[in-house]
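Chain A is fixed; fit chain B onto it per the hints.
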Amino acid sequence: MKKALFLSIAAGTVLTFTACGDNGGTDNTETDNNAAETNNNEAGNEGGEEASQPAEDQTLIFARGGDSVSLDYASVTDGESSRVTQQIYESLLSFDEDSFEIGPGLAEDWEVEDDGLRYVFQLREGVTFHDGTEFNAEAVKLNFERWADPDHEYHFADEGYAYSVYGTQFGGFEGDEGHVIEEINVLGDHEVEFVLNETLGSFLQNMGMSYFAMTSPAAFEEYGSAINENPVGTGPFQFVSWSRDDSIVLEKYEDYWQEDLPKLDQVIFQVIPDNSARLTALRSGEIDIMDGLNPDDIDALEGEEGIQMFERATNNIGYLGFNADKEPFDDPEVRRALNHAIDKENLITLLYADMAEPAKNLIPPDYLGYNDDIEPYEYDPELAEQMLDDAGHAGLEIDLWTMPVARPYMPDPERAAEVMQANFADIGVTANIVSMEWATYLEQTEAGEHDLFMLGWSGVNGDPDYFFGNLLHSDAIPGGNRNFYRNDEVDSLLDQAKTSIDEDERAELYEEAQEIIHEDAPMIPLVHSIPVLAGSENVQNYVPHPQTSEPLTEVEISE
Amino acid sequence: MLAYTIRRLLMLIPVLIGMSLITFSIIHLIPGNPAQTILGEQATPQAIAQLEEQLGLNEPYLVQYFDYVGGLLQGDLGQSLRTNADISSEILPFLAATIELTIFAMVFAVIVGVNAGIISAWKQNSLFDYTAMLIALIGVSMPIFWLGLMQQWIFAQELGWLPAFGRSNPRDPVETVTNLYLIDTLLSGRPDQFWNSFRHLVLPGLALGTIPMAIIARMTRSSMLEVLRSDYIRTVESKGIHKMSVVYRHGFKNAVIPVLTVVGLQTGTLLGGAILTETIFSWPGIGRYVFDAIGNRDYPAIQSGILVIATMFVFINLIVDLLYSYIDPRIKY
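First to last, the protein sequences are chains A and B. For the record, in the first sequence the residue sitting at position 40 is 40 according to this note's numbering, with numbers rising by one throughout. For the record, in the second sequence the residue sitting at position 275 is 275 according to this note's numbering, with numbers rising by one throughout.
Think of the hints as simulated: they come from the structure by calculation, not from any bench. Heads up, the beta-carbon is just placed ideally off N, CA and C, and yes, glycines get one too. Incorrect hints may appear among the rest.
[What the hints assert, rightly or not] Reference listing, derived: stretches of chain B covered by chain A, where coverage requires no fewer than 3 residues with Cβ under 8 Å from a Cβ of chain A:
hint : region
1    : 85-99
2    : 153-163
3    : 170-178
With the rest of the complex left out, here is chain A:
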């Protein structure tokens, strides 16, 4: 389906949305006859329906707002770093091109044994790192051990490296109580086993994450802690140069294990900080794909000749959280009442240019265990006012804490606050907008200084635990659970779901948890936003992944 969609772009489609989720199947393409004609003439293509010829210069320039922090992928969490390292590095497993469905990566096959306490991976043979080193089981063991052990010579603790994602995903580091990986054994040249001391539901999902990709052991020896600027992996592209805050240049790895891939000869990640300037560069043909389109520009670009748009499936939540430790938000009835007060559709139209879905649960709709049977709290100001009155809190005055920075899930927090302020005013609630510097904001909300606060969360491995465990489990107080939501029943459901390795069982547990959470209403789930990218119509086979980035292995540039 998706392939067909892209072929139609080549034939002159002006606008394409590769949406996943609800309307993923509908054909949102629109064909401009003039554009089709010009394009076909240029390509000298009589048939008109066939895809254009590949262009001679297979260089793709991907423009983005900020630079990568480090190319030592596991030591940083910014999306701009993994956008690049995904091209250079590969993990044992890989995600499907547009979902978090796992499939083979550097491991061809794997088995789960001892009820999820032992995982055996059969590694792909004949894979080499960019420096010629062979990829084998020893390399896997070394990579995992260096993250797990802060004293490991390649953990680079003294140089200030911290592998926090490893800690988050595997329950801590070597020696920590919750650390689940007990040992890693090399069973053969291309066979490796992971022995866990406790089952972990998201173990295989984690293996697909770009944070847990494989670096060449020889490169650690050669570069030491400078590995962050000298990445050596097994991926489709190898590193050429990095000029900070400007561009990162990668070139095709000729000995890549997948035949005839990648199609591009060169990929350049170019920093263009200003959103408008980036769009200008796209329109003048200087770049091929841009991230970070202003929601306001989406309308203007629709139908523009030579430009196509890509939608990334939603993978985040923007929410308004309550502080359940404070009166009157300790009363679930008050929280439910305020849930009825927010007009999410209006918010989406005003702030997201319709590029968002209203949220009723914490996790995005594509996720395992998403409970679609939940009846959302409908927007109903009269009911909200009534409920608030019944709870004895009519005419409530609250502080509405507003994020000082824009995030994908919240492109314009200040305006969002004003819109919601008006919503609250409609039910007789006075909301005072409170804003402060970002780091202070995070600290103070963690400390529970707030009434209502605005925040969000983005997924990394497609696993629901990353959302629930960090935002609503009582263990995450103080921490990500800024709602100060404590419910033993929910905690126990989440714990079971986290350690279970049976997908159906996990799904059921999460569904049940969502029912209780919905009833308790610890937050007002606002939206799941849909990031939009724009590109030249000559870009073929580009499929945005719900993670913030994707390997460009299949991408090609046509004439």
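What follows is chain B alone, placed relative to chain A:
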């Protein structure tokens, strides 16, 4: 002259010490926990505590300051928290990018500004004078980001004459030696790249040079008007020397001191304050380096960036002061 130079250099020492003190304390006056900001909103409390420990952020300020100055004296600007790289080497390409852009912008601003100012004074109250001064007025009050975006729209998007972003063609990277691309491209014998880098300089250079150009034009004009009214000019004129020569050789020489002051100040400002231009034109300069460092609460990088900018400012003032006494030997402090 030598005694003056030495005295002037000695005066730098307290200035530099004061600067290091100020840059150091500014950082600590900003609210927020650096470890939290570096690790992001999704960080665990353990990770935050660990990072704080690692970076010595728990040390008393005094200890942190002396460590810092001690490092500075050995040419060590510390390590960036964000990239783990040595700042002293990391910052060089950014510095070079800014210097190249600033020089280009200032050359443009000085050539156009000085000449417009001189001619305006020479032909006072003429149509040229009025037009030039009106343009200068607009130039001084022009929001630079608006000017930049308009330039991009017209010259890159609509006309396609000039590139909209960056220092060079990303498809054909420049081999760097000095990081000043106009020099590097010549060193590697690539006149095509030289031309390309030059084209990349034009739009940001013009955008950046507009305000200084306007200020210089206005300053030159008023300074020239004063000089042209003086007696000795009338004497020179009465000797029948060509007007052109009177204005440029005899007039401008005596009007140059205030202009020089403005040029010096503007150069210093551009070196540190080009953040808007650097952002709009994706110019990887020192302004953006500091800006990004602030966004990431990268303490050592912020301190070093500001220190480098301030040092350049101080040294440009030094050069201007020395030039004063060279141009006008009567000036002695």
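Proximity test - 8 Å, beta-carbon atoms, the region 85-99 of chain B to chain A, at least three hits = holds (count 4)
Coverage assertion for the region 153-163 of chain B with respect to chain A, Cβ distance below 8 Å, three residues required = holds (count 5)
Counting residues of the region 170-178 of chain B that have a beta-carbon nearer than 8 Å to any beta-carbon of chain A, does the count reach 3?
-> That given contact holds, which follows from 4 residues of the region 170-178 of chain B lying within Cβ reach (below 8 Å) of chain A.
The structure is consistent with each of the numbered hints, conforming to all of them.
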